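Trainee: Given next are the chains, with one letter for each unit.
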Amino acid sequence: MAKAILVDTTKCTACRACQVACKQWNQLPATVTGFGGTYENPPDFRGSYTRVLFSESVKDGEVRWNFAKTQCMHCTDAACAMVCPTGAIRKSEFGTTVIDAAKCIGCNYCIANCTFGVIYFDRALNRARKCDMCYDRMSNGKTPACAKACLTGCLQFGERSEILAKAQAAVAAAKNRGLAGAQVYGQTEVGGLGWIYVLKDAPAAYRLPAAPEPPVTARFWQALFQPARIVAGLAILFGLWSNRKHSADLAPAPEGTATGAGRAISAGK
Amino acid sequence: MTNHWVDLRNTDCALILGANAAENHPMSFKWLLRARETRGAKIISVDPRFTRTSAVSDLYAPLRPGTDIAFVGGMINYALENRLYHEEYVREYTNASYIISSAYSYEDGLFSGYDAAKRAYDKNQWAYEMDAAGIPRRDKTLSNPRCVFQLLKKHFARYDAETVSSITGCPKDKFLAVASAFGTTGAVDKAGTILYAMGTTQHTVGTQNVRAFAVLQLLLGNIGRPGGGIQAMRGESNVQGSTDAALLFHLLPGYLKVPASDMPDLATYLDKTTPKTADPDSVNYWKNTPKFTVSLLKAWFGEAATAENEFGYQWLPKVHAGRNHSHIAIFEAMYEGQIKGLILMGQNPAVGGPNANKERKALARLDWMVAVDIFETDTSVFWKGPGVDPKTIQTEVFLLPAAASTEKEGSVSNSARWMQWRYVAAPPPGEAKPDLDIIDMLYKKVKGLYAGSTDPKDQGLLSLTWDYGSHPDPHRVAKEMNGYDLVTGKLLVNFTKLMDDGATSCGNWVYSGCYTGDGNMSARRDASDPSGLGITPKWAWAWPVNRRTVYNRCSADPKGQPWDPERAPFRWDAATGAWVSFDVPDFVATVPPEKSAASPFIMRVEGVGCLFSRELNEGPFPEHYEPWETPVANGMSSQNINPAVKFWGEADNAKGDKAQYPLIGTTYRVTEHWQAGSMTRNCPWLAEAMPEMFVELSPQLAQQKGISSGETVKVVGARGEVLAKACVTSRFAPFNVEGQTCHVIGLPWHFGYNGYVTGGPDKKRSYAANQLTAHIGDANTTIPEYKVFLCDLRKVT
Ligand code: SF4
Ligand code: SF4
Ligand code: SF4
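Residue numbers (the working numbering), protein chains in the order written: chain Z, 186 to 454; chain G, 236 to 1032.
Hint data in this document are derived by calculation from the structure and do not stem from the laboratory.
Please read all numbers here as calculations on a predicted model, not as lab measurements.
Don't be surprised by glycine CBs; every beta carbon is placed ideally from N, CA and C.
A hint or two may mislead.
Cβ-to-Cβ under 7 Å is the rule here; a few derived chain G residues that face chain Z [to be verified]:
| id | residue |
| --- | --- |
| 1 | R287 |
| 2 | A290 |
| 3 | P926 |
| 4 | F929 |
| 5 | C962 |
With the rest of the complex left out, here is chain G (with noise of 0.2 Å):
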């Protein structure tokens, strides 16, 4: 999140698109609602279905699942068609008046530089323009016609509101109405959020839904500001602290790249991880790589790690440069045979993965795998599961317990970047072990198995630093993510003391600040809310250096004065000459206001927001393509497919057709249950409220198929089928798409075959909505497809 949950109080306008969050993250309705109270906020709710969130919100938009850019897209064009945007702040705070080499070009799907056969753009073709000097030409009047504000217009011009709504399917009228409403967020005193989960990002055009949402924030002026922002709803109550230690393959912890194998040295690592600029205007923050990176090392190893041996940077594994390791080549790599052991702690793709059947294959070709679980998983019991002959397996298989979240001590990051301490509130039954008791051990064998070894690859293993006690103390881990200065031996303040010449240690620059010599500030609990708009700073703590909006600069114009006066977490006072602050500044205050307004993103090495972008690998602006299974052509030009999709290996991955497939399949999540259900299937009570597998289609196909509530159908599709009841509904209704009419279905994924309740009331079948879904991902992330597939629904007789 830009932002924070509390701070979605100050809103004037939410749009919930890609999230359903009334029924996966509750508590932001808490706040939602009291900005509805006090301030008279409108709710949006954007959703291919009428879910919890479209019951409590003011406006509801269906939407075609996968056109989510034709959607924001259109709402971007509104804006400028209708002069919408926050002028100054896209003048100044925005790299609109960039201007772009003359390079770039679009046309019918495709930016300049694609290569086809490497299915890849060569971006350089999207650079800037720069003078003399390296410095970006920029137009400040936006009126060149290669600036980023004039190629912004043009690209979607094509996203008018009737070719919108021949796309997304949604009606014209609700499509404007939307546009409207959240629009004026852009007007100079007022703010807008944007809410999103993974009905965002599970598409393969996933990032570029993101950048989507940025786009439109930018202009509206909406990023770093009270009220206003981008909140990534994170999926797991820990899964933003895992993310920011390094859950990812291609990073390190603190968002530091991941060596690879054309990174030999820590020299060209660290030249090729660390942006430059000559720019004196940008503080490009990032220009702190090394200091960042040394200090990893150090913590890592410990006076084992030294200038002369590159801090111990050759003890790292490396990548293969370009390969992917996400979990759909981990998956497949498995498939084929290529990896031998698995150890799953927290997970369940046997239920989660996409195309399920095909991830269990995978598992009977492991030689051992171990699950670390509070529940006996479907995953862990997969070489007994539906249709298999245990017989047949040779995959030695360990379950190990291991302790609920209220059985252990230590922390979790919140969606808004709160890092909380949380204690002990019973003892874990039997063996069952804190995660890092069974890391601690594990690491503590393997070390004692290459004791005494002089081979040079063994030499990283055998110097970790891993001082956290006999029995793990999750304080010292949190001590050593802090990070150390290494002179004196005190815990540093944060991490604007690092060093790269070794004198300090940091597990997580992120987290520098977190543990200091004034205690664990996760473990704070004064609510006290100087400012009035929900900050309360001591509450916690939030990384980075307990910043609780980032872009914070943004929330007042150049010369400092906040563009709201009601909403002011940050004023410049002229006659002190000194800023009144009640959050943490993303930028220097120590400078006159119209300095840092100069870079404002101070993370971004151009120090501005990007309306343009050359991050993402399919284009500088999103473009709409179709999903990868879709029954309709695309709408906005010849390339079906996001270009730079990588596809995957066919076998078990058949591609469905909409002949014989034609229906839209979708997949979701409930209150009552938790992502694969492993935890929440085992708990009656849940069980009770949400007890089996359903899918839910509109009364128009239910009619069609001749089906009714409550009856067991059968949803099929090119890699595999499950049963479930039918939930027919009003709450789902046909797409007209392109004149033609499209069905979509939707189904829960948190049931397999496993557990107190499995999804049905034979045990001896899988309900697992992932056995539609498919092996395709992403073309940045390669987060899979969970959210269209094609299909067919079958009535059982």
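Okay, chain Z solo, but in the shape it has when bound (with noise of 0.2 Å):
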């Protein structure tokens, strides 16, 4: 059965409990880091799998600080799995999208081809790394461990149905309370996601893409070589024209600018 996980940001008070347990249970190195002009810790996904953007606007005279946990997606159409030329990226008995470690071999077409810019390269692995929605804690039965650590019932984790069903009613609730511009976000975008959101107001007020889609360029490529699963030479030559790719891609982005399509969401206020 497909799982989802509700971000309910109508409830999320960016304490930030879920990047550190995800840190945690992943034991993923903290990374050094700088004040850039914003609470926005780390600046891009090398080296997390998830990160809180904080999204600060101003909309009639009133201040807007609008909060987003971010990660892997699971897109249902998963441009990741698309590119992916030895098939290491799958979809699990879960719906979720994971990549077997095993059978990754670092040519970072994943990277450049992520629907939302969420994958890192681990150079002392050498494989492409992101959240897998607590693959090991889920099989275990287990609840993946930010939406354990979430303690304002923001993130919940459950049958992506009933996910979908809290999130309309929360929608509704919000609309109840003026929140006129509350959605729901995930239902249907990229085929639907493994994270069903509930937005106070647009996608663009909390720097998620509005409506996104795998790259044109994912698409192609699966077309083209993957009923073949195309050779491992041919893979590795690939691999490292996109290595190259990628390096310039994950430059931390300036404030507040937009650093192309496969990075949507990127460093910013």
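If you follow the hints, you should be able to join the two separate chains into one complex; please do so.
Mentor: As structure tokens, then:
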């Protein structure tokens, strides 16, 4: 059965317990950061599976400070899986997107094509890494670490159908409280996401892409190569090229600048 | 807290003022959001800056730092003018009807009885008028011009919306939105709660800020009720427990007063510290002070404490009457060279102390210092801190490694007064030891040094009971706090069994009942909730006597019927002639409800809640005064600063002037760090999320100063300066105060100069915000005024 995690941003206090719990469970070392002008840190996904975005805006003279936890969205139409030349990225029995570390050759193509820009390349291990929705915990009947740590009820783990129903109810309640722009995000986007968001406002107010789509290149490569499962040699050659491209792509983005379609969730305020 | 964390889910409206609950008390939001979801509760955030709390609240209103009394005073006036108050509650459960002596008056910032030379009041001028029998005179029609209610109305009528807006800088419509939203909880069946923390207390008027909450909540009938009350959210996990155990200089365990030089014997001590009343209706529970005191002495001195030797009273050290020994006073004395040795347990004043530059100088005047902590704190290396040449420091410094909370067994008392037992999750590393072990070793060593002494002054030290085992056992400590029947040797059921003749012992009367013949109550983990209100009486244990909400007689009307039938911890059942109770009654439950209704505040000598109080040093009603450093004149009176505040040594404590330092600075914490940071700055995952010192400022001020986000800037004040990264944000906005623009900037106070991260890239610098704060404190508690100071902001070129 497909699983999902609710992100009800009307309840997120940006405490970042989720961000730290993820690092702890997955034993990801802390990166060295600096204060870049906002509370948001680390500034990108290099070395991290999840980041809480802090998005500040002023609307009708009122300050808005929106918080959204972001990570691999576990897209149904997963661009990363489409382009993976070795078949290392697959959909699990929970509907989540997982990377088989043994099969990952570090070609970086998933990173270049990820719809949300949330995969990073671990140079030490020479492989692509991202949130796997705590596959190890889930397959042992446990709640993913971040959802377990969240104390406000913002993150809730469950069957996707149940989570969708909760999201609809939360949107209705938010509208009742006068948040006219409240909406569900993730129900149909990219074929349906594994994280269902309740937003108070348009996705842009959270720096989420309004209409996320896998890059055209992903569909192209999928059609061209994947049925044949290309040979490793070709993949490595391809990987070397892509690796270079990736290094350029993930340079920290200056404040408020978008860094291309694949970098939808980027550094900023 | 009058209530408890889970009870927040029962509220109709939560006012968060002087606190940033979502960031610093995250668990509060689990229950506040539950209240919003299930009851449609409104959450209000009032704060100088738009915080993470404001972001999840329904209503936000800004106020200039240090103007809380003006704001809350305005809310009091609004509730009175619009008759939003809970009339029956006010008449029956507060001192609204009490007549005040004709000596009382108020004029232009001063109450009657002020002595300018002493900067103190003669509080006798604020007394109740008594009848011939010595019972306060009352007018239950509340119309007598000298009754508390009329005096209250008169006092707060001055706090109209325009004046409030002009002083606080809060736009009038925002203020009125808050006053009316929270005012709705004055309806008989509604309850509102106030959550506060250090934003309320860390002011020269900190205690009166809390008093203002008390007045408002009594008026709206919100004390003692589910979803109501005043919640002091404590800043550390066991600060409640350590306060209960006499952390503060003026107290003995269980809030007994510390013996002073004007209490030469036990009889005088008991006479001076036991409140008395002639009113037969008042329960006046503190009348039991002799029982609490003698049982405490029996716990400390055991068989050596006898009636003949005043139970060892003479062995207790006495403070000089009227002398202050709070944090600022200790560091002033250290600075003057009067204190030679210092033991710091889990404290980091080189970062967390007010006027940290002065406090670091004071440390250097010690002969020796011992720091007991889980990391090498900034204070423990003050001798090689920024700008210090170790060769010039004579202080001998010891660092004792302590066990972390997860490495030792014992109890922690949360803000809700719940004592919860904890266990060892992992053994401490290396030579690290629990605090209890360290104190045990220290005592045994010192006792050894005095062995055989016949000097009378040493007999107290030598007579101390210390039967915690060869390796100290926290269970034995908890049992000592609970107390024993010394005749049978059995653990006491609770403090109602205490005696003043030496037949019982009790190490802390408020904790009596925590560890009884039935076992360790604080270790209970049964979350059943018969009330449906989240009372869970079998989960851990709450002082006093497992009572979850105090003053709870006020949850029902004088006839014993709940104000709101949906939220009824108590209901008098006339048929059976008994109360149906879901919490432990805070009243005599064996008498008819009309009788207990006459004394619903059993710890008050008058038995009722005090709208007017003689307890505090600067007046019976809260009154707005400006902070010590302020850019404006007081808009309420010609008294600029709290008339009862004490001024400390001027050396290294210069007062800033607005001409040189035009900006208002304030300090606070962030979710990711803990206090002075020695724990969290050494945790890389947290350091990653909040790595550096920053200063928040409005876009308007940034533009004026030519500063942009992410730039390094210097914050300068009269006592020091600190480097920080600029955070230009619309969450800060200028205030319009009395026609002029006031800019506020804010800094987190977690950073320093030692640890995995210090606050900036240059490890030779200090990034402690408290280099800007001053040695000036509240007129009652002396808590430092961390929350307001003057400063300026400079670009670093
Ligand atoms: S733990 Fe929950 S409330 Fe905290 S930041 Fe994460 S999602 Fe938000
Ligand atoms: S978010 Fe990126 S990594 Fe995750 S499933 Fe979608 S495309 Fe793949
Ligand atoms: S589901 Fe697991 S891996 Fe994914 S963000 Fe949460 S904790 Fe990290």
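Trainee: Now tell me if each hint is right for this structure.
Mentor: Structure-based check of each hint:
1. With a least beta-carbon distance of about 5 Å to chain Z, the hint placing R287/G at the interface is held under the 7 Å criterion.
2. Contact between A290/G and chain Z, as hinted, is supported at the beta carbon level, the nearest pair being about 4 Å apart and thus within 7 Å.
3. At a threshold of 7 Å, the smallest CB-CB gap from P926/G to chain Z is about 5 Å, leaving the interface hint in force.
4. With a cut of 7 Å, the hint placing F929/G at the interface with chain Z holds, because the nearest CB-to-CB distance is about 5 Å.
5. For the restraint placing C962/G at the interface with chain Z, the shortest Cβ-Cβ distance is roughly 6 Å, inside the 7 Å limit, so the hint holds.
Hint check: no violations occur; every hint is consistent with the structure.
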